[in-house]
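With chain A held as given, fit chain B onto it using these hints.
Residues per chain, in single letters:
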Amino acid sequence: MAGKPVRPVNAIDQTRRMLSLVTYLRERPGARIEDVARAFGITEDELVSDLDVLPMCGTSFRGGDLLDIDTDGERIWWHNPAALGAEAAEPLRLAADEATALLVAARAVATLPGLRESDRQALLRATAKVEAAAGEAAGASSRLSVTFESEGGVFADVDRAISERRRLWIRYYSPARDEVTEREIDPIRLVSVGHTYVEAWCRRSEARRTFRLDRVAEIKILDEPSAPPEIELRDLSEALVQPAAEDPEVVVEVGPGGRWVAEYYPHDSADELPDGGLRITLRTPDPASLRRLALRLGRDGRIVEPRDLAASARQAASDALAAYDDATGAAGMADAGGAAGKADVDHAGDTRVGGTSEGGPGAEGFPGAAGSPGVPGASGAAGSPGVPGAPQAVGSSGRAAPEVRGVPAGSGGLDGRYDRQEQGL
Amino acid sequence: MAIAKAERLMNLALCLLGARRPLSKRELRESIEAYLEAGSDDSFNRMFERDKDDLRELGLVIETVESLDGEIGYLARRDSNRLPAITLDAEEAAALGLAAKVWQQARLAGAASGALQKLRAAGLPEDVDPYEAHGALEPRIPVHEAAFEPLMLACRDRRPVVFDYRKASAARPETRHVEPWALECWRGHWYLAGFDRDRGAERVFRLSRITGKVRSRGTGFTAPVPDVVTVRETVASWAGEIADRSARIRLRSGAGYPLRAKASAIRELGDGWDELDIPYGHGLDAWLVEFGPDVVVVEPAELRADVVDRLRAVAKG
Chain A
1 MAGKPVRPVN AIDQTRRMLS LVTYLRERPG ARIEDVARAF GITEDELVSD LDVLPMCGTS
61 FRGGDLLDID TDGERIWWHN PAALGAEAAE PLRLAADEAT ALLVAARAVA TLPGLRESDR
121 QALLRATAKV EAAAGEAAGA SSRLSVTFES EGGVFADVDR AISERRRLWI RYYSPARDEV
181 TEREIDPIRL VSVGHTYVEA WCRRSEARRT FRLDRVAEIK ILDEPSAPPE IELRDLSEAL
241 VQPAAEDPEV VVEVGPGGRW VAEYYPHDSA DELPDGGLRI TLRTPDPASL RRLALRLGRD
301 GRIVEPRDLA ASARQAASDA LAAYDDATGA AGMADAGGAA GKADVDHAGD TRVGGTSEGG
361 PGAEGFPGAA GSPGVPGASG AAGSPGVPGA PQAVGSSGRA APEVRGVPAG SGGLDGRYDR
421 QEQGL
Chain B
1 MAIAKAERLM NLALCLLGAR RPLSKRELRE SIEAYLEAGS DDSFNRMFER DKDDLRELGL
61 VIETVESLDG EIGYLARRDS NRLPAITLDA EEAAALGLAA KVWQQARLAG AASGALQKLR
121 AAGLPEDVDP YEAHGALEPR IPVHEAAFEP LMLACRDRRP VVFDYRKASA ARPETRHVEP
181 WALECWRGHW YLAGFDRDRG AERVFRLSRI TGKVRSRGTG FTAPVPDVVT VRETVASWAG
241 EIADRSARIR LRSGAGYPLR AKASAIRELG DGWDELDIPY GHGLDAWLVE FGPDVVVVEP
301 AELRADVVDR LRAVAKG
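Protein chains in written order, with this note's numbering: chain A, 1 to 425; chain B, 1 to 317.
These are calculated hints, taken from the structure and not from any lab test.
Here a beta-carbon is modelled for each residue, glycine too, at the ideal position from N, C-alpha and C.
One should not assume that every hint holds.
[Said to hold, decoys possible] Stretch by stretch, here's where chain B covers chain A in the computed footprint (C-beta under 8 Å, at least three residues):
#1 15-28
#2 46-58
#3 90-101
#4 143-152
#5 256-270
#6 297-304
#7 310-323
If we strip away everything but chain A, and leave its shape as in the complex, we get (with noise of 0.2 Å):
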């Protein structure tokens, strides 16, 4: 059989593909198998298993009906293309699932903040048309909706210096760390998954980052022009971070209420516990990181390994439970010690969507693409700052370093792969 594919194929999209081939074909005597591949969105491997297959296709294998395509290598003939009748080889109506397919993402993008307004006018224009065309095909597209999550002049900005090959400069909130911190980058790409991010080249790190707009509390496009290396553009289809083999372990255990942490972080291993809990395994480059974790998880779970993490989450809760008991400390907390008495508050109730802040470790040295991203359960933490409302004595924390900031996080930048060489500024 000639059209043994050359990597497993879906017979569905090959025969949906085929169909609108003999359609182009027809018009199209001696195309380039470069030029259609291209048209057709599909490698030239898969084009020529599709030209494979096709002389074996026609309105009966009898009395040479059959299509009779071939190609040079470079070029696709068709010697006998009145072997298809000109109306049975007529664009086809759009299928239910491809108006769908089509229709909700050409909506969700036309919904980016900060998309050029001439993108998002030619994204509508054409959103009506396809839904015309579409018609019946269309209905069941609304039972379908993606939302990204975008600041708007920030992206208007990166998108402006990426066009313009421009550096940019920017204040970048690292939650690992809990600080902003200035830096000049060459932006490369806008990737938009749930949330926005940028991915650059970092001048001070020298390495590859990848930033979320939410998270960048002010920008500024310079004049010099942007000059990132040749780097290899990752495929982010997976996620955005996949933590390294090389990177310590942590293990952390969760009741019931806890089990969204394996929602949001990649993990190695999640184990049932017998009270319905998890035991979780899990790799970053920077543990510390994960102290936000073990402080949000409160009575909801616990680190149970590297040890000196988790004793340095209790510490941090102590230290901050000081406040709450010296009434001249942090001023006017007089009846803190009452509050202790209210035990059962369970916010994380039938409704819960779970999630550790956007500040979570997640975010930053273990970004987790898949997970943190989406991170609803809180806040919006960084989901909302305004750039305006920045704060303002970035650097000038007079506080004292815990022991645990003694570990660098990872940078601005998302991937812990990459952060890791800015350990130990």
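Leaving out everything else, chain B in the frame of chain A:
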């Protein structure tokens, strides 16, 4: 060697599209090599029924027509299968090119590419590189939840479903009977809105909490489907996005940027601390605790109590 399925489907489609009259099952069997090789009538019939369903999924409208002598014929009418005229300019084409790339779910990615290919066959301009036209923008719609595809189909076909669902803090999953209305993706996670038959009310489910398989129930919907289904608002309120009160906290100077960004007012106290008014919605206590000793809640008392309670739990270890 068996004939590839794509080849068989393609032949069935071309046969039907090329005919001007209904073709009987017998005629189709004789025209398509794979069907002749299918062996028994049973295996041919099964194969043929499956293939027809597959072609219908691809959008082909195949009618069943009974002839005078009672024989069933199959017909793919040109006018019901032809794409209506559509003319898109280069900008619109580029916009659709971008949109067709965003799905990360196999079925919808395939469907989106298929839609674009049909439009290409119909003359969609193709010389614009979407990445050039849109700067370097890559929107992606993530789908990691196994429950997505069956629920998408159930929403599309308005079929009730049954699945096991584990609530956020529940130790064990519970079986839920749902009439699915709509799916929505927010911040990278998928949610289902629908009518919960056992509870007799609308419910929103997070797909990642569905355990095991989503099973279909053949019966139709019993509750009316609202004109507008708003998943995001419901989820946003759980997520504490909808704050109806305000809280006053003290924050160490230089710390807690996201808190400052959310604050409606910031006052410098001059002793290394600032005082902030921030919106107080669901989940604020857990968020504040993350900042450890850099945050102290001033009021309301309820929030102070919640934060202290959480801190004690952590301090105990």
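query: Okay, which hints does this one fail, numbers in order?
result: Result: no hint breaks.
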